[in-house]
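Model the full assembly from the supplied sequences, consistent with the hints where possible.
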Amino acid sequence: MSNSKLYKGSLTTIILKLLNENDKMYGYEITQRVKELTKGELKITEGALYPALHKLEAEGLLDVEVAKVDNRLRKYYKLTESGTKETVNKLEELAEYIKTMQALVNPKLA
Amino acid sequence: MKLTKEDIQFIDNYLDNSDVIYADIRMEMVDHVASDIESRMKSGDTRGFYYVFKDYMVENKAQLLKENRQFLKSADKKIGQTFLKELKKPITPLLFLASCIGYYVLYQNSNLETFRACLSIVPLIGLTGFILTYVFYQGVKDNKRFSVVERLAFPFLAFYQLPNIFLIRTRELNETSDLFWTIGGASLALTLMLVLVIISVKLFMSYETRFKNIA
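Line by line, the protein sequences give chains A and B.
Quick note: the first sequence uses the UniProt record's numbering, first residue 1, plus one each step.
Quick note: the second sequence uses the UniProt record's numbering, first residue 1, plus one each step.
Be aware that a few hints might be false.
Heads up, simulated DSSO-like pairs for lysine-lysine below, C-alpha to C-alpha not over 27 Å straight-line [said to hold, decoys possible]:
1. Lys2/B x Lys75/A
2. Lys61/B x Lys2/B
3. Lys85/A x Lys108/A
4. Lys78/A x Lys202/B
5. Lys2/B x Lys85/A
6. Lys42/B x Lys24/A
7. Lys55/A x Lys42/B
8. Lys89/B x Lys75/A
9. Lys2/B x Lys77/B
10. Lys2/B x Lys24/A
11. Lys54/B x Lys78/A
12. Lys55/A x Lys66/B
13. Lys8/A x Lys61/B
14. Lys68/A x Lys42/B
Derived from the structure by calculation, the hints contain no laboratory data.
Everything numeric in this text was worked out from a predicted model, so none of it was measured.
The structure is reproduced here in structure tokens:
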């Protein structure tokens, strides 16, 4: 991931937000969607994305569905009920963080 | 441009030979690698699958193997969390209570040798669970190895040792406190093992459901 230190803490929120907007997504699709939305500024690597997805799955925030697509198996992720609630919390936390940083970095705009 | 079955098999074999031994981890990696290769070929790379694959691996192999290590941690975490979740359910204290009462009734109505023999059955439940974990592999998906299922063997082995701590006390069952600790300990071990068997069945079933109808 580019600018990894700054973005690392927000990876979970990014994943939850994307899954909240889409019914279900697979790993590669998430990396491409992020790349597209940020115009290539943010590139999520496999080494960062999948551990985050598996952690969210282990915590019960994501549910998994496996389907056969183009000669291979594909693992789709979707939000569970608690995952949807957590998305709201995470987005609120992120908004608060951005507001605080704005106040510190550029008080005129805050 | 879609990859052929042979191309997909090639990626799968390559990752298997790179120590990505669990089928559930490899499945996701294969899809990721294949999707990226297809995207590169669609964007105009006309050199053919093997050349694009080689380039991809030179750039990303380290990241893929990092993912493999992280996945195992997640698998252990999933087992731990499922176990704790099950422990919090009302069935756990009920199992413990039923076990305590059962052992006490047995103690009252049998001789010491029979009582000891019944206590020694407890570790066998852990061993049975351990064996079932491996039998499960024989019936599922061409003996492929699945991370969470295989790692369940570790808690079974750990719990297999647990009753020994309490069984040692049965050598001297002269005092009431000894009986209290023996029955309490054996019931605790039995309850923990039964809970482990319950979560194993649940995890096996979730794998069955997940991979059902997929060749």
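What are the numbers of the hints that this structure violates, sorted from low to high? Checked against the structure, the hints that fail are numbers 3, 5, 7, 8, 9, 11, while the rest are satisfied.
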